[in-house]
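Undergrad: Letter by letter, the chains look like this.
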Amino acid sequence: MFAWSTHQLTEYFTAVNASVDEVVAIAVAVERATEMLEAEAGAVVFGDVVQGAWGFGADVPVKGLLAVAQVPGTLTVPGVGDLYAVPSGLGAALEGALVVARLEMPFEPEERQMLQGMAQVLGVALRSIRVLRDERTLRADREREATERLILLEQAQNRQRLVETLLTIQRAISNRKPLPEILDAVTSGTAALLEGAPVALILAEGGNGRRLSVASTSGADGYSLADPDSSHTEAREAMATAKVIIRPVNPHDPSRGMVIAIPVRVTGELAGSLVAQLPDAADQREQLAAFAQQVSLALTDARTVEAVRETHHDPVTGLPNRSLFLKIFNRVLASRQAATEPTSVLFIDLDRFKAVNDSLGHEAGDQLLGAVAGRIRACVRASDTTARLGGDEFAVLLHNSPVEAAASVGERVIAAIREPFRVQERDIFIGASVGVAITRAATANSDTLLSNADLAMYRAKKEGPGKVVVYEPHMHTEALNYLSLRTDLQRALQEGEFRLQYQPLVRLDTGEIAGVEALVRWHSPARGLVSPVDFIPIAEESGLIIELGQWVLETSAAQVAAWRRVSPDLTLNVNVSGIQLVHPRFAANVTRALAVAGLPSSAVTLELTESVLMSDPGAAVASLASLRELGVHLSIDDFGTGYSSLAYLRELPVDELKIDRAFIARAELTGEDLALVRTIVELGHILGLRVVAEGIENAAQLEALRRLGCSYGQGFHLCRPMNSADLPQALLRGSLTAPNSIHP
Amino acid sequence: MQGPQGRWFGAGHSTAPDAAKAGAEAATAACSGRTPKAVFVFASPAYDLPALIEAVRAEVGLGAAVVGGSSLGELSSEGVTKGGVAITALGGDGFEISTRVAYVGGNGHREAGAEVARAMAGIDKPHTALMLICEGMSGNPHEIVRGAYSVLGAAVPLVGGLTGNGTGPRSYQFSEDRVVSGAVVGVAIGSDAAISVGISHGWHRTEPAMVITRSQGNRILELDGEPALDVLLRRRGATTSDELFSHDVRLQALGLSRRSGADIRILTSADDVQRSVSGLAAMPQGAICWLMDGQYQDILGGAADSCAQAIAGLGGAQPLGVFTFDGGGRHGILGDAGVHEELATIKTALPGVPFGGFYSLGEIARVRGSLGTHALTLVTVALA
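Here the protein sequences line up with chains A and B, keeping their order.
So the first sequence is numbered by the working numbering: it starts at 1 and just counts up by one.
So the second sequence is numbered by the working numbering: it starts at 745 and just counts up by one.
Bound conformation, chain A alone (with noise of 0.2 Å):
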């Protein structure tokens, strides 16, 4: 199926059209038409007339085209061979035929509807052309100039408005709009012709009853055609004869006007009917039967515009797709003139651009992948190929560039994406990490050396983000572990491998427990202790961490239960994934855990980290909305690290802030330090947060945090994480703000 038919009719109309002669139109319509369907010759019949002869050189085959014009078969032109001819009528006005001969190829149905549709093209002209002739022929006085004059302006007129009509259909058809609003510039470009008048398109639906259905209607209203429950009888009848039919409203009154139909074609198929209501059909019948004919066009372009993709290079950034870059890619290698050449491969992988895509939608997206694709081969030589793997991943493929030379184009990567990007009006900020693998062996394998580049990758996905990093032997190790890793810590959920660790929320006042938060602890019968830092980012990627999170939430919130029981107050913090929150059915899951443990929503407040909520922040707000309806509370964990931290504590329904162990970190702090920390305490208190101060380690710091006015503090200097067992204890002590009551 080939979309370059509807793209060549609107400019085949506008050339046809600009032709103010009959002869020259005649001429233009047949080399164009002959010149856009790759024929060798053309021309058009009327009668025994041949006119604009075209590709036949000094000898026109005056009979065989005569013969042609009626039915379509072959042309014998001497020289070139046997054609194969068709005919397209030039409309009920005008008894010729367009005739188009090509070689060696048959006209395939969709080629024969584009030249049906040429053809009324040049019928329209040439009727244009000759009521101008006639008004010349006949004009005595000035009374007739001055009709002719008006006359031809209005000629004029209607073909510019034609033109610009299709031109705007066009323009939607190749933006690839939404077949709905392409199916309304037609009806509302019609009804502009046609000054107004009531338009409907009516199609028919898939399946036996082939119910019609009205896809889109325009014009006047009240129009009974554009009713739904119509029996819509003038466009059954124009698919069932593949006819124009033209029937008065009301036989009985004339003066009530015309109701013309038209059918429409898709792929060949009578597909449906352009229905207009005129107070006179006969003059508007060719017009809008050529209108129609673009409409049907349109109809097939916009349905099959995905089979024409091209199919080796991305669509989206035009670059060669991950098959042709392997395939580039082998033949660099084998092609080679010294084995020890050394040939890289970069492996490009942007950060933050799901955001975008989710956020902004897709259409931004490609446009950011376009424009990313742009900025990659800026940074390289022409020779050297670049590639979109997919999704958001790029690759590079340099020729004889040692390793040092390939890490610098990454860094140049990463410097050009780091860059904003103008997107929809807005300023779009990402990131990318970048693998870099290299050969100089005689034997090289493409795949293998794509697949080291994306280790690499991976490696500077963790280390960054916006870092390169070069394949070395080692990450193939580490990727094996890193898999042997998933799999244990798949096993360990199965296998209750998991503890939970409680680390006190103390106020800071008066030094009692407040509260506690959950911390989860893996103890591995092969590993040993395993850090979160190693497995939480695995059980993300994995989706493990939404089974996990649940078993956090189900134990801790069961434990916190029981210890209400002797300390009524105590509430619970969890640290939440996240993968968790935009899980649809994780508001439900809070719900069940609670309802289970028997601990109310009040007493349990969920920690989110700001990067959770950059990442996705749509699904975020939504299912925090939610959450917040519960009565859960919500924390922000480390604030104050991320970048547009106000921005969400005005939108988000935040009840704590978690200051960062950063602002905290150091022995002693200094006046700048103070000086943050206690913004952070009083915007808390501005908009009615509680504040938590974390990672408090010595007396200086809580001295320091209490004298700020900062009501809760976790650290080890208060309290370190225990084990439930022991927690009972510290409870009944009361308060631990005393240094010697924390550090036995």
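Any given hint could turn out to be false.
As the list claims (entries may be wrong) - Computed far set for chain A versus chain B, every beta-carbon distance over 12 Å:
hint	residue
1	317
2	319
3	479
4	578
5	682
6	709
7	726
8	730
Claimed, not checked - If you want the footprint, here are the derived chain B segments under chain A, 3+ residues with CB under 8 Å:
hint	region
9	820-829
10	896-906
11	916-928
12	1028-1035
Honestly, the hints are just simulated from the structure, not real lab data.
All C-beta atoms, glycine included, are put in the ideal place defined by N, C-alpha and C.
Once you have looked at the hints, place chain B on chain A.
TA: The following block gives chain B in isolation, referenced to the frame of chain A:
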């Protein structure tokens, strides 16, 4: 190379700084002591071209047609240069040659094309082709080809190239021992053996497509209803038109939607006040177009494809020699080292076959259908 019926084809190349010496050297190499019927000279416009043509004539004798034009670069089986001269010559009883020249400024592009096509009138051989060597800066090469097609129709293949002169306003064509400008030189070639044409480019479209919503001749005023220059700057991530059109960075090309791919048009300049862009050929209003991009490996692959097509069209006969018309923009993309790689690719595809031609501002090859002007392609014409 020598074929049956005494037909032969040879190629020569020179980079001698003196025009007369360069012409004589390349012509001597191409003819190797044989008497040619036609000599095809493609030389850098930096040479004293009348002196060069005079030296060629002295070398090849009075019986041969000497035709050609100024090049953006020269390419032959003997080497690839920018600033040299490449000459091909053919002779023997199996060939018939007739030439004509017409001026675009006379009766227009179409009439010039039709006029030179009449060179085919006296040729009486089973296999024919018309070579068109056209002024590249005249603005509407499509019309020249349409003019030739209007006379000859589909029976005669049309081939050739548009001459160039760097950024100069006019380029040069050689005919009847004169160096002229604004002309179309037509060379009717008749042969006892097959003549076959290959064409390939190696460019691809970059989505999304755009509509040329307003244009005048070679100038695009609006794309998708927006000033064309602004659209191009945005799509290419450039800030000024100078940056956009610094050709050593990247050639700006548009592809018009066509049945079997794209019809490529090179853009050459912009009007900063009008916010329009202009190219070397007509930009039809209403047309859908794409930005075109070429990648190194694809372009090299295109060269091999073009040669393979030309050889395949000979129906199993051995090629005696090949004319090459190579898009100048390809030179820009491939770079100085890359054109040597392209030469090696062509040599591999045409083992032991002499060939020659030039880097042109546009190529002509009417292979299928009736449309015959191209840009950024490699057109090869194989003679059996």
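Undergrad: Looking back at the hints listed earlier, which ones does the structure fail to meet?
TA: 1, 2, 9, 11
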